[in-house]
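A.B. asks: What follows is each chain in one-letter form.
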Amino acid sequence: MVPTSYYIMLSAALFAIGVLGVLIRRNALVVFMSVELMLNAANLVLVAFARERLSIDGQVLVFFVITVAAAEVAVGLALLVAIFRTKHTADVDEVSTLRG
Amino acid sequence: MDVILFAITAAVALIGAIAMLVARNAVHSALFLLLNFAAIAVLFLLLQSPFLFAIQLTVYAGAIMVLFLFVVMLLGAERVEDTPDRIAWQRPLALGLGAALVAVAVVSVLRGAWEVPPGGEAAATFGDPAQLGALLFTNYLLPFQVTGIILLVAVVGVAVLNQRGRTTSTVKRAPSGD
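Order-wise, the sequence lines are chains A and B. Using our numbering, read the first sequence as starting at 239 and increasing by one per residue. Using our numbering, read the second sequence as starting at 57 and increasing by one per residue.
The shape of chain A in the complex, shown without the other chains (with noise of 0.2 Å):
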């Protein structure tokens, strides 16, 4: 069997990947990837623990993490079509100020 902390040091890895991501992209949907990223970068700790422990419980949250995640993909990207409309572009650095 595979010990868990092989399982957090892929999930660190790939939760820092998406942390660079966010930081170095201006993509504003290849950012918003990153943000998935790391949102599965924890539910893959998260299904670990559950497995180490033997508790379901970790599962129950991964389903509720999951469900989340995808109402905020579908407000983040409406929220991207709109500055899209205004603003003509989805680089980040253009999309400074608070006004539309």
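Hints listed in this document are in silico derivations from the structure and should not be mistaken for laboratory results. Everything numeric in this text was worked out from a predicted model, so none of it was measured. A couple of the hints might just be wrong.
No farther apart than 25 Å at their CA atoms in a straight line, the calculated lysine to any residue pairs in the SDA-like style are these [claimed, not checked]: (1) A:K325 / B:P140; (2) A:K325 / B:V59; (3) A:K325 / B:T203; (4) A:K325 / B:M129; (5) A:K325 / B:A144; (6) A:K325 / B:L192; (7) A:K325 / A:L336.
So, partial list: chain A residues that the calculated Cβ filter (under 10 Å) puts toward chain B [stated by the list, open to error]: (8) M239; (9) F253; (10) V285; (11) A286; (12) I294; (13) E310.
Virtual Cβ for every residue (Gly too), placed ideally from N, Cα, C.
Fit chain B to the known structure of chain A by using the hints.
C.D. replies: The following block gives chain B in isolation, referenced to the frame of chain A:
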């Protein structure tokens, strides 16, 4: 055997994530992220959670990534980063911070032990979708209902956000009405 499977899947997940980060085209990024999600789904299977495996594939790899690809292609925003960065030191600083984050996480794991988890061999019923469903409708009934409301709010929010031109037209009409 498990360790070999884990190593292969972890490599695929890492390659997918890094390729997503460096791909210049947003469509390629989305497809590499899809590869990463599929690898994580396989890891869920390895961790004896078949229900989450199915959910990961249908909701994440299916619904969410299709939505992403659809919006990328709708906006035609595949290549918006051809101009140079506005903050010159942003990239090296981000790389340094990312490396520091990995180092902190790995050190905090290594402080723990390497032994096989205390759970030992799982019972045959562990990860059974029936067990998960029973828990959802007993201990987690309230959060389960709240997710329903969250999804409803998301649907209403998306509909309001993409109402084309209705708010601006009422604003324009207001002075003439007086």
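A.B. asks: Holds or violated: is the Cβ of A:E310 closer than 10 Å to a Cβ in chain B?
C.D. replies: Cβ of A:E310 sits 8 Å from chain B, so the hint holds.
A.B. asks: Can we keep the A:M239 interface hint, with Cβ of chain B closer than 10 Å?
C.D. replies: Given a least distance of 6 Å, the restraint on A:M239 holds.
A.B. asks: Given a cut of 10 Å on the nearest C-beta pair, is the interface hint for A:V285 held or broken against chain B?
C.D. replies: holds, 5 Å
A.B. asks: Does the CB of A:F253 sit less than 10 Å away from some CB of chain B?
C.D. replies: holds, 7 Å
A.B. asks: Taking 25 Å as the top limit, are the C-alpha atoms of A:K325 and B:V59 close enough?
C.D. replies: violated, 49 Å
A.B. asks: Does A:I294 pass the interface check with chain B, least Cβ-Cβ distance below 10 Å?
C.D. replies: The hint holds - A:I294 has a Cβ within 10 Å of chain B, the shortest such distance being about 6 Å.
A.B. asks: Could you grab the alpha-carbon distance between A:K325 and B:M129 and see if it respects the 25 Å cut-off?
C.D. replies: Roughly 17 Å between the alpha carbons, so the hint for A:K325 and B:M129 holds.
A.B. asks: Given the hint that A:K325 pairs with B:L192, test it: the Cα-Cα distance must not exceed 25 Å.
C.D. replies: violated, 43 Å
A.B. asks: Does the alpha-carbon distance linking A:K325 and B:T203 stay inside the 25 Å limit?
C.D. replies: violated, 33 Å
A.B. asks: Tell me if the straight-line CA distance from A:K325 to B:P140 falls inside 25 Å.
C.D. replies: The hint holds at about 19 Å.
A.B. asks: Please check whether A:A286 passes as an interface residue: C-beta within 10 Å of a C-beta belonging to chain B.
C.D. replies: holds, 6 Å
A.B. asks: If you draw a straight line from the CA of A:K325 to the CA of A:L336, is it 25 Å or shorter?
C.D. replies: holds, 12 Å
Checked against the numbered hints given earlier, this structure breaks hints 2, 3 and 6; the rest are met.
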